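The primary structure of each chain is shown beneath.
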Amino acid sequence: MDDPTFETFVAQRLPALYRYAMVLTQNRHDAEDLVQEALTRTGLRWSAVRRKESPEGYVRTAMIRIMANRWRRPRREVSVAAPPEPAAEDLGLERLLDDAGVRSRVAELPPRTRAVLVLRYVEERSDEEIARLLGCSRGSVKSQASRGLARLREAVRGAEVDHG
Amino acid sequence: MDDLESRLGTLLGEPGRADPPPGLAGRIHRSVAVRRRKRRAAWLAALACQAAVLVAAPLMLRGGSGDFAATVAPSPTVTRTVTVSPGPPPADRPTPTRTITPSPGSGRNEAFAERLRRLVAVTGMVEVGGRTGAGEPFTPAALGSDGTVLGLTPGGAVAETSATGGAPEAAGFSARSGLGAAEGLRTWTENGEQRCRAADGSIRTISPQGTDPEAPVWVDGGAIAGNDPMLQPWVAVGCAEPGRTVTNGRPATGTAVAFSYPYLFVVEPADDRKLRLVDVRTMRVAAEHPLPAGVRAQTMGRRAQRWQAAATDTAFVWVTGKTLHSVPRDSWGPERTSGAVPAPGKGEQARMTAGDRLVAYTTGGASIVHDPVTGVTLKQPGLVLAAGPWLLWEEGGAYRLARVG
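Residue numbers (this note's numbering), protein chains in the order written: chain L, 1 to 164; chain C, 1001 to 1405.
Simulated from the structure, these hints should not be mistaken for lab results. These figures come from a predicted structure and were not determined experimentally. Using N, Cα and C, we set each Cβ at its ideal position, and we do this for glycine too. Among the hints, erroneous ones may be present.
What the simulated footprint calls covered on chain L by chain C, stretch by stretch (three residues with Cβ under 8 angstroms from a Cβ of chain C suffice, anywhere in the stretch; the number is not a length) [unchecked claim]: (1) 33-43; (2) 117-123; (3) 151-157.
Bound conformation, chain L alone (with noise of 0.2 angstroms):
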């Protein structure tokens, strides 16, 4: 089969890659910018990516480095954890507040730190391959995750004291 031609390949990966660049981002406007900006370096040496044998893979990876290594760009926009007013008490709306408490800190997180927790919690990759994407030991991998973690756990904990 012929190789395909950069435009057919957009058409054909664009939602995949925007979901994963969601994943990545957790913020819609940042993932459009990520998967923008690793589709346009892929498109400008695509006659030497369309030959290897998973360009979407090689896309991904992009994606992962530019959001780790140089993806410094202020956050547009912040999701609030809690309403202004919370609600008579309810276990499964509480369950649903802490979700978004810690959804909340995974977009505050350094992109970095959400990198390792998306490849690790979402791929389910090992921290030695994270460490082989990112480009860092895998003892960087684990503190990077212990530190995200630590963070998330604390909204846990404050979302925990402040409904009860």
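Following the hints, put chain C in place on chain L, whose structure we already have.
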């Protein structure tokens, strides 16, 4: 795995159910097209600038108008040496360097050779033509540690001369960037990949996952180093086999900024904020230093800083803003500084090259040569390149190649 960790996969993965907004694909294609156009424009501007320098410099030297002409003294004078600081600097301050400004007499190029001779031993000098044997304009782009001069012609064909000088002849390949040479080895960037031609004429791709056509490629000690499009350093040993990505599972992150075999100087300004020396023979970090002075940590919302660096056998030299800094590699201090490096003009891009002893910083239109051993800096109009024991500088419509030590 606790409750939070078991929920994290779901929580983090939730945004992954969104669809891309309409028009994103179009934006991506436009972005690719714009960057392609910019690259072409930058390339053409650089060529036009070089051509303008080639034409304008001789005219001005003949008494034409222009700022540069005003610096040519009407009568023969010796080179003037300006000592910036007469006494030792305070212990906590960088050591200023001396700057020797060009005050040419009968000809600025003789003056430069003369000033160079006062700085280092010059054991041989040849002329390299400003036009190829076929008569095309020739702009040097890389100097090899064996004295090979590789350069570009307006059509993109690469031409070369050996250390014996003369008119450059066709090198047998075309390129726009990433040129490098060593004995029996030629390398260049082609379609985003780094290509390498061995002495037997065989050509192979040596970049493990492409190379950034806008980043420098270094050749030293038989090894070739560069950065890939993701700005990760890679190193290849000769042309025989593909290189390796330095950060690929090894404890070094960042972008390569200089190379002096066997050490690749890698900077990570965002997270670790370190300058590391990676021994390319073992791919291990041999030394680690704080970010060089003037190099700012990369933080959210700030554009990446543009700065240049080069490494000799004994010193690491870098330029931030208008300041040249130099530090001995063995002690990593004290640091010397030298002010007012030439600013790149429109369409020009500053770059640094290093030889065994001397460092050259050039914008194409103006250059400085810095000797980290003495702290002396020579200013010189036009292009200057350094590699191994060689120094190449522009001389009117041609170039001089000198062996220095």
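Taking the hints in turn, this is what the structure says about them:
1. With 6 residues carrying a beta carbon less than 8 angstroms from a beta carbon of chain C, the region 33-43 of chain L meets the three-residue requirement, and the given coverage holds.
2. Only residues whose C-beta sits within less than 8 angstroms of a C-beta in chain C count toward coverage, and the region 117-123 of chain L has 4 of them, enough to reach three; the restraint holds.
3. By the rule of at least three residues with a Cβ nearer than 8 angstroms to a Cβ of chain C, the coverage given for the region 151-157 of chain L holds, with 3 such residues.
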